[in-house]
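Let's have the full structure, built from the sequences with the hints guiding it.
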Amino acid sequence: MNDTVDVKTLTIDGHEVSGRRGQTILEVARENDIEIPTLCHLDGLGDVGACRICMVEIAGSAKLLPACVATIFEGMEVLTNTERLQKYRRNILELLFAERNHVCSVCVSNGHCELQTLAQQQGLTHVRLPYRNPQLAVDASHERFTLDHNRCILCTRCVRVCAEIEGAHVWDVMGRGIDCTIISDLHQDWGSSSCTRCGKCVQVCPTGALFDKSKIGSDHPKYPDFLPYLNLMREAQ
Amino acid sequence: MDRSVLESDPQRVIEGMAIAAYAVGASKGFVYVRAEYPLAVARLTACLRDARRRGLLGNNIGNTPFNFDVEIRLGAGAFVCGEETALIASIEGRRGTPRPRPPYPAVSGLYGKPTLINNVETFANIAPIIRKGGRWFASIGSERSKGTKVFAITGKITNTGLVEVPMGIKLREIIEVIGGGVPGGHKFKAVQTGGPSGGCLPAEMLDIGVSYDALVKVGSIMGSGGMIVMDDTSCMVNVARFFIEFCMTESCGKCIPCRAGTAQMHTLLTRICEGHGTMDDLELLVELSDTIKNTSLCGLGQTAPNPVLSTLKYFRSEYIDHIVHKRCPAGVCNIHAPEPEARAHQNAGQEVVA
Amino acid sequence: MTQTITIDPVTRLEGHGKISIYLGDNGQVEDAHFHVTQVRGFEKFSEGRPFYEMPSLMARICGICPVSHLIASAKACEAIMSVRIPHTAAQLRRMLNLAQMVQSHALSFFYLASPDLLLGMESDPAARHIFGVVAARPELGRAGVGLRRFGQNIIELLGKKRIHPGWVVPGGVTEPLEAFKRDEILASIPEAYKNVTLALNAYKKIADSFRAEIEVFANFPSNYLSLVNEDDSIEFTDGTLRLIGSQGGVIEDGITAARFTEVIGEAVEPYSYTKFAYYKPLGYPDGSYRVGPLARLNIVDSMGTPRADKELAEFKQLEKGPVQSSFHYHHARLIEMLYGIEKIEQILSDPAILSTHVRATAGVNRNEGAGQAEAPRGTLVHQYKVDDNGLITWANLVIATGQNNNAMNKGILQAAREYVDDGKFTPGALNRIEAVIRTFDPCLSCSTHAFGQMPLALTLLNADGETIDQVIRS
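Residue numbers (my numbering), protein chains in the order written: chain C, 154 to 390; chain X, 9 to 362; chain L, 14 to 487.
There may be inaccurate statements among the hints.
What the hints assert, rightly or not - Pairs of lysine-lysine, DSS-like flavour, derived with a Cα cap of 25 Å:
hint : chain 1 : residue 1 : chain 2 : residue 2
1    : C       : K216      : X       : K225
2    : C       : K366      : L       : K174
3    : C       : K353      : C       : K375
4    : X       : K301      : C       : K240
5    : L       : K398      : C       : K366
6    : X       : K301      : C       : K216
7    : X       : K334      : C       : K216
8    : C       : K368      : L       : K174
9    : L       : K218      : C       : K368
10   : C       : K375      : L       : K194
11   : C       : K375      : L       : K173
12   : L       : K173      : L       : K194
13   : C       : K366      : L       : K194
14   : X       : K321      : C       : K240
By construction, these hints were calculated from the structure, which means they are not laboratory data.
See the structure below:
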């Protein structure tokens, strides 16, 4: 396939659209006002394709592709919202809700939570899986922010923003599989870590796992929109 | 299989790698070995030293401008690092988790460079093919799976060990002739092929010729070449649970379907083994299997449901026995454990408990 | 040979009361126990949570009085933060608390008690419920619904939800009061006055026909505990606790939340999951006391609002000294409702109620804190201990209903003596005994049984545990 042509034409959900070589399916879809749900993706951060919510069907292939990392090719036919994909998305959400302790009613992010909003959008009405109810701790050692592992979905946005944008790389993942847990530095208290207190991780966290201590009246919307601008400024240098 | 090649004939692997490097213009090679194979590491180290002394590795090999050297990298106990992008991450010093492909390693691999990444067994085949020609290799094996394959036969079988057989050979011949059949007067029940992510095949499947396609068609995989034979004392539900437990503990945790899905499947299978399973649980198992299989990021997750799906396909009656009749036909499962508290609570939410 | 009569609920998992009545050798009633048979675990699962989450967690204890828990919890948190909240925030919380008190008392009186009071305790069980009241006395039914709506509406306006509202946080409240909300509340007050006056008049008319019940419904001398202001007027949100004796004399005064556990102890009985509060210097069970509307009206000298003051004066004529018959709890509730409406009107007339300074912020400045408030049913205390990061290490709650335990037992004993004869239940025993419990308005009887009746089973057991008589209502 000749890949030197810069402009590609493809169809998404039957709409003919075009994009540039190297663009992801998600980028092209958003440019054309076609909504593909995402969770671990955030504009301004590198993509990891980890949550599997944005999987789309490609005509002629049995394999699903994650729209946030898959690049477009000429003549691609993408389906973003088949019944099969909807079912997978709801299953993934069920897995998330049963994995840790997500109690919306008393959570600081109630009403401003991406997980909650996504579940409502996807029409999730109940969780059929057994709740695991793991015993997870709260790290309140930081003077401004708190980390509640019960609400973490391991999207790694905090890891990425601290490593890629702030450059401090305080957060990373420890352990494997279901025991994965977000840690600061080498598993030290957040309050005594190399954290610069910039607050970016709090703003990018989709749930109430990372939150500002002063915002505990369910009045904690998050504003991660500054990230692409930060990237722009850094590139300009 | 790969381990035995590294232990007994590491030169073949190095030679194959050098030939491949020459073909694609690479100057650096890595062998990623499990740290649990110290003999393979020692023998490979000695082999590399020897090769360098003889001018077969290093700069200007054979007085040509071709440079190529090989480094050994040790694993740290993660099964998932057998996945190519996780392996690459591990060599780079990062957490051994896979990443989405494309881009494939051939385009962007180790340190972002185009990388050729293959099994030890594959590289070991290269020198003989170069020497004897492609037609010779193609003459062995089946139409789409050429050459030979090494299998590790174990379990309820008379002769355990490694065998190298031509592709296309019947399963029955491997098990009954080479393996010597099931000992102790027990009856053959199933053979699990392909390692922990493989499928379990019943007696009716013994006449298929072993090849990549044929195994996939009946719900298993070639995988690592593992072949575990089971008899009437094996409980297929417990077998499925055992392999899901493995996948659950080896899951890297990056993607949700594999990380949380294998854990949930394990919970459901444990319930069934303990006699608390319901037909709803079975339905959930099937639905979860489909989701995990189709949405997981890498091969570990994509194949983790295979033991469950294949045992459900060929041994469904055993699941029904556990769920409906509360008995384990093979007598393996301890099916009289008391009802766990949490289960009663969730049921209470669904109906008025008297 | 001693016999035991047990009133056992049939199935269901919440709001359950179980009553055991013990007969002596002579077939006379010797003792009665009111059991609470579930553990909720709030004090335990709060451990490890950040302390500022406690108000919203604790609100989940109850669907009728979450505001009480919000306030007591927030006050405990403020003790940990070492802050005094802005005056406007205190007034706003006071108003929220009073609104809750009005709706909770309305529920208790109209939905739970009025079927017995207005239709009669012997009336047809099939119609002896709120809908029966609405059918027989529609204007009273409407009044009840109206008063509940009045309170719930204020709660919703202020806290965004009627059940488990937010808004109350450690440090104050999250938002100031907007003028249009104040005006909406003020506009609903005239109707509220009308409704409570209707109820008061109706009650006074029928009170005479319940002379017999008044005599035996938990009618005994006891101590009383409640919050009170320095000027001896009634107080639900601030103030300090005062304990008075059965003759009306002050036993101890000025008890702050921080001193609560110094002064009040909690005993454990093997037959119930609630604890039994008592005044430590008098020991257990002599140090037992009653809380709630009866206690409050016995302790205070005035309500602080004109109409309620008039009613209080009339109320205090019911007996010489403190009013001891628990039957009068119903009357007390109506007076408190009237006070609540008047006080809300008073609070809203201050222009400072619209001030935007409604929240103080601070971190952990002490490792423990306690807060107390008057819930509709009585005194409520929250006590927390935290580590330096603010995570709860220990929590203790003293609930109003728990402080009335001994009184309820005594009341059931009294009623049982009246209504158990010769080792058997007399007809109407079930209703009467249940009606005694209802005077206390314990939090058990309301959650699921607003319509219909409390699931109860009375079981008569001998000393060997054999059942000899049984009355079951499912």
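Check: Which numbered hints turn out to be false for this structure?
Finding: 7, 9, 10 and 13
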